[in-house]
Amino acid sequence: MVRRYLGVSPGRGGSGRLIRLASVAALAVLALSLSGCLDESPQSTAVIGGEHNQRIWDVYNWLWIGSLFVFILVEGLLLYAIVRGRAAPRTAHGRPVPVHGNTRLEILWTVIPAIVIVLIGIPTLTVLRDLSSTPEHDNTIKVDIVGHQFYFEFRYPELEVSSTNTLHIPAGAMIDINLQSADVIHSFWVPRLAGKTDNVPGRTNYMWLIADEPGTYAGQCAEFCGLGHALMRFQVIAHEQEDFDAWVEEQLAPPTGEGDPTIGEQLVTGGSCAACHAIEGTAAQGVVGPPLTGFASRPEIAGVVENTPENLAAWLANPPAVKPGTAMPPPGLTEAQIQHVIAYLHTLE
Amino acid sequence: MASRVSVGPVPVTSEQTFAQPRGVWSWITTVDHKRIGILYLLTALFFFAVGGLEAMLIRVQLARPNSEFMSADTYNQMFTMHGTTMIFLAIMPLSGAFFNFLVPLMIGARDVAFPRLNAFSYWALLFGAIMINVGWLFGEAPDAGWFAYANLTSSAYSPGNNVDFWVLGIQILGLSSLAAAFNFLITIVNMRAPGMGMMRMPIFVWMTLITAILIILAFPALTVGVTMLMLDRFYGSNFFVPEAGGSPLLWQHLFWVFGHPEVYILILPAFGIISEVLPVFSRKPLFGYSAVVFAGAGIAVLGFSVWAHHMFTVGMGPVPNSIFAISTMLIALPTGVKIFNWIGTVWGGHVSLKTPMLFALGLIALFIVGGISGVMHASPPVDSQHQDSYFVVAHFHYVLFGGSIMGLFSGIYYWFPKISGRMYNELMGQIHFWLMFLGMNLTFFPMHWLGVQGMPRRIYTYDDSQGWNDWNMFVTIGMFVLVVSFVFFAANMLMSLVVGERAPDDPWDGATLEWAISSPPPVYNFRTIPLVTSRIPLWSEKYPEVYGGDDHGAHSYEQPDVDDEHGREHMVPGAHGDSHEHEAHDAHGHDDTIHLPNPSYWPLVTAGGIAIAFGGFLVSYIMVGVGVAMTVIGIFAWALEPAITYVAPTTSDDAAHDHHA
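Protein sequences, first through last, are from chains A and B. Everything in the first sequence is counted per our numbering, starting at 1 for the first residue and increasing by one. Everything in the second sequence is counted per our numbering, starting at 1 for the first residue and increasing by one.
Chain A extracted, bound-state conformation (with noise of 0.2 Å):
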């Protein structure tokens, strides 16, 4: 009876197919590897901009190395199995040695894992402690993050500045965070730059990060967080310090008056706005939001309010404040930008 069901099981070339079949998807996973680290995403957790990503991406690559080892051991030790069960030698009563464990072998595969947790519990508790407060630094700048659907709010509370959707920092300053959140649960992510906090509404968390290079990097909020949180990027610029603080001195300052549309296209067709919004006949190509070709010639803003350059500002400065629940960040535009724009918006007929 036994005989007959290995009988109708396929033969040996049953082991070589199966051995065949998982060089080629091992050979496929590694090349797929390659390819993955090479296709780099500007919210690729693999990029170091800065020390605290550096620090988690010690431990992970301490992880990713030894995760490999144990992957191979074992899907190796049951990929043998498998093969020399198929080829093991028939018993004299046809059934193979009932063997009912091994009290050695099971302490062994116990004692072995523990020592590897216990190897990879080391850096992990090390880090996370380190992480968990700000180091010293002589350059320390305080911010308060506030999430809302579906933008984020930064304020510099020592510096009397605030900003929406882009957060100015100088780099290699130690960025001291404070987390909260005005409705919902959201979460501040700049994966170049550190793993993310949530902003938890009724609670303050803590987070620090610090920017080694200047440049802009991309954030995504990481929490769902309702209709809009796929389009709740936003992005951190690290300047060089004259720039930072000469960006804080422009927020400082008085609005300026009248505004150049000549930078005001620059400012829509070339930024934030062409994600989601189409103007004929140039870059901005979105769809997520209206088209604002013939904006000028429009009664009203986003249906709600007449369109005066009065409301147009009021609108660009904070979109959900004049229409609750609209999809609509706020853009995070100055206010000098802000009469750009309406100056350029205003162009169009």
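There's no promise every hint is true.
With the C-beta cut set under 8 Å, the calculated list includes, among others, these residues of chain B facing chain A [stated by the list, open to error]:
1) Pro-65
2) Asn-66
3) Met-70
4) Ser-282
5) Arg-283
6) Trp-347
7) Val-452
8) Gly-467
9) Tyr-547
Label-pair ranges, simulated between beta-carbon atoms [stated by the list, open to error]:
10) A:Leu-108 - B:Leu-427: 37 to 45 Å
11) A:Ala-182 - B:Ser-71: 22 to 30 Å
12) B:Phe-138 - A:Ala-302: 25 to 33 Å
13) A:Glu-213 - B:Leu-427: 55 to 63 Å
In silico lysine to any residue, SDA-like type, Cα no more than 25 Å apart, as pairs [stated by the list, open to error]:
14) A:Lys-323 - A:His-346
15) A:Lys-323 - B:Tyr-157
16) A:Lys-323 - B:Ser-71
17) A:Lys-142 - A:Ala-253
18) A:Lys-323 - B:Ala-156
Since the hints were derived computationally from the structure, they do not count as laboratory data. Just so we're clear, the structure is a prediction, and the values are computed from it rather than from any experiment. Ideal placement from N, C-alpha and C gives every residue a C-beta, glycine not left out.
We have chain A already, so just place chain B on it with the hints.
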């Protein structure tokens, strides 16, 4: 056909021994654990297809950047319902199908302890599933994610009925799960055949027992949390409303105190299934039986001390994060013990790569990946990069698809002949496995890279500039490979039910009691209750020269008055001659008849009343009143009706008859 030494000369099918009641009404009133198991199976497969369709639509949306296939609103409903459906309406009921069909057969019982409560569990599941899904009809399916984080679920931020459908449906499903868990706990503790000590139970029965305990301990936390959410939404309380001093994090703690054990509720039944399949297709007893049992229990205990690893980024502080990091890493130890013992089972066995075995080995191979990535984000610093990214999506699909689903499909193929009485098509089964194994890796492995590349989960769109285009397209193509594999599965099942070869009683040379009876089993399962002297009762009987003298560490007592020959007759009950008819007397029979639970529609009425009462919260309090009245009437009528039918097993259709007690 006559596959075992101890089967009598004339194989007898169930139609000959007992006239199965027929027709829709007989299914509505059934309390037979096998029929309820089949209802669970069909319901679960239906919702597996629904959840799969939702996954397909999600992947179509994400195939291209800035896709306009779906709106944000629809997408949010889609991913919420995909998760909720797969967890509560596909994997859990699929496990439930096996608990129902197999546990009584494996422990040598005629049914579960409370057959009508069992029917109630099924109907409550069905109504809960309808409640959760009915929102689709109004374009208001649940849309706050399967873990429904407060305070996004508050009336202020989710004013529609979407979350209400979820809350009410989950309440009903919780009742269903709790009733089923108590039923199986009590069945397993009390109704094992003589000789089957705890340490002689099949591992699947052990894992069912542990899962039942997990459900009993974990679901109340969910029930409490969901009740608080109901009060917040319907009556303006403020448990989770921060403006009024409530705490959104309270919800997360309550949810994950349920939610993490839930992961083991989803995986342990699959572990139990492959612990049955691996020995049979290796022709070797399970390696390290006690270690596998205690590892399962260890996973269950540790499973209650790791919930906050879902919350490493909420700002608990370094001390709680360290503690939960360590407890989470520790859970790798018992899980590793299981994997090594499975490999030890295959090691040196005569491995036959039939479809059930392929799926069982597939579970091991894929669960290793999910287990390893689980240890990776047990590290809070690393988790702060992976949390809520596609890395986590990859991880839990390796655990739940590569683990649970692979194991459950191993079970479907393994027990298909027993359940349906037909053989499935082996070639199509093999094609299904290889396409599914390939498609699974093509779909879910690249998600690790998308996560490392910073792609958050639950986003309905992404921009070209974010650099995720290629892998998302790749993943969507991989998903279609998975879809094709399930076409083979569906075709195989449907064709085999109609034209499949008649299944013998014991097609796989099985070791456990369910293979001693006909395929499909007679309505009373065992004509005489078997006497169990071994962990592998059928093998001990079929191969006494190999396993006969073996001490399996479980021979807790002798059976002095049963000789070998006699014991075998005991083992293979059913109508194989009349010489031992008199044995039906002892404790289990009523003269020469077998007592079986009476069909009843009261469980359906009771479950329907509960569903109407909960549904009333969305319609009117009159409806709540009607539902409560129905429930109360249902419970009383259920308590007062006669519970038992006596049937006489005979070899003739006409002689099958019922006596009401």
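### Message
Tell me the numbers of any earlier hints that the structure contravenes, in ascending order.
### Response
1, 3
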